[in-house]
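**Q** Letter by letter, the chains look like this.
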Amino acid sequence: MDAHSRSEFPALEGAGSSSSFLDHVSRNNPALLPFGRTLPAGTMPATPHGTTIVALSFEGGVLMAGDRRATMGSMIANRHIEKVFPADKYSVLGIAGTAGIAIDMVRLFQVELEHYEKIEGTLLSLEGKANRLGAMVRANLPMALQGLSVVPLFAGIETGGPETDQAVGRLFSYDVTGGRYEELEHHSVGSGSVFARGALKKLWHPGLTAQQAVEVAIEALFDASDDDSATGGPDLVRRLWPVVYVVTYDGATRVGDDALATVVQTMVTRRSLERRES
Amino acid sequence: MAQQFYVSPEQVMKDRADFARKGIARGKSVVVASFLGGIALVAENPSPTLHKIGEIYDRIAFAAVGKYNEFESLRQAGVRYADVRGYSYDRVDVTARGLASVYAQSLGTVFTAEQKPFEVELAVAEVGVRQSEDHLFRLNFDGSIADESSFLAMGGKADVVQADLDKHWEAGASLRQVLRWAVSALEAPRVDATRADAAATASGSSDAPTPSLHLGAGSLEVALLDRNASRVRGAHRAFRRLDAAAVAAELGEV
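Chains as they are written, first to last, in numbering that gives the first Met the number 0: chain A, 0 to 277; chain B, 0 to 253.
Just so you know, not all the hints are guaranteed correct.
[As the list claims (entries may be wrong)] Under the rule of at most 35 Å between Cα atoms (straight-line distance), these lysine-lysine pairs were calculated in the DSBU-like manner:
1. B/LYS27 / B/LYS156
2. B/LYS115 / B/LYS156
3. A/LYS88 / B/LYS66
4. A/LYS88 / B/LYS27
5. B/LYS115 / B/LYS66
6. B/LYS13 / B/LYS115
Please keep in mind that the hints were generated in silico from the structure rather than gathered at the bench.
Looking at chain A on its own, in the form it has when it is part of the complex (with noise of 0.2 Å):
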């Protein structure tokens, strides 16, 4: 057995073993996890972090939007960054807070997600998703009190439920300590998710469709790009647009470019013509 223990092909357990990622590299390869290391002491150097990320439902899925912008300190870091993902066939997350510890979370929740549906030979259930994105951003509370904190925001439909033909959208917001938190309509976080949050709340209504979700996600990151200075707006110069991802029965779909172009464009005109406050 000694040549099994030291190839790095896992032991042939049987009955018990875990059907999660995270349970297996944390017991065989705990160096691969972005998190769980105890920092010395010191002080951090500016390190980029992102920003602002929308969420919100509407008739037969849900949707979710983020800026392209990275910052460090006072420095635009990246303004290409892209902090919206799909997280398996039917949800999506979006990080804000630090993007190194960030976007390896979000590929190992990735593989986390695909490791138990190809062991198991199912999906897990919404919930059941939303718990482990909880633990992992548990798992990072240690590095999040060194200021290394990551914030996501977690949205999909559930799958596999009664046969309905309207797919419910639900979203789950997280803090710190891995608290978990269903929210309802819509949410945003990251630095500039007050504001964000202000245009959700008088732009969302019941029974808007996907088209009407985009235009009002694009229009509330650029009401947060308006009023904070750590939150990308859409660049017309470079033609960059916000990550969007809509999620339905279809599965998680990236919107185009040329969509998101075309409701930009069409935003930035009508308020160009308003000549007002935005």
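Here the structure of chain A is known, so what remains is to put chain B in place on it, guided by the hints.
**A** Chain B in isolation, oriented as in the chain A frame:
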């Protein structure tokens, strides 16, 4: 304590191999075959939940025959290996060759060091960009590994199934075509058996096989590695199962 008799190593290995071979031959067969649109994995398996075919990674699938608990533990270990590797390096760095070689090591260790060898035979398939770039590996209970071109059959009367596939298989076939070949190959051992029976009773009526020999969609487990998954469906995972209705439609049974 009773004195142990000397048994030559050749005899020990032969006994173990015979034991494993008997176990594998008792089960039903599995066919893995490459076609134009990907790789088809077809198993005779009446259970809709206890799978013999599974997804390992983006472009890699697994098929097995033999004892369920043994190949299931190997499948899960394979998924863990692939996921850890893909997470720590990159998704493209997970290859069937790497997986097959760790399977071979693992099976080899069990064959020599454990109480009893695994009564399993595995196939690891990786779909390529073109049909000529498909990889099929066959892994035996003793850890021996073979690189098969285009198709393989294992389990049950594997030689009969393999011979039947050998007669039909051609490059560039459609999904429908390759499924028909696979099903007819899986039916071949039964057809042979009834022919032999007919010859024994000497009734002289060696006509078409009776319908009971026929394998319907309900008793098949079918999955695909889709060659164009990323281009057509925008998905990095090429593996998908075909349900009984889809299989029946492909086989023209509806």
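**Q** Would you list, in rising numerical order, the hints stated earlier that this structure does not obey?
**A** No hint contradicted; all consistent.
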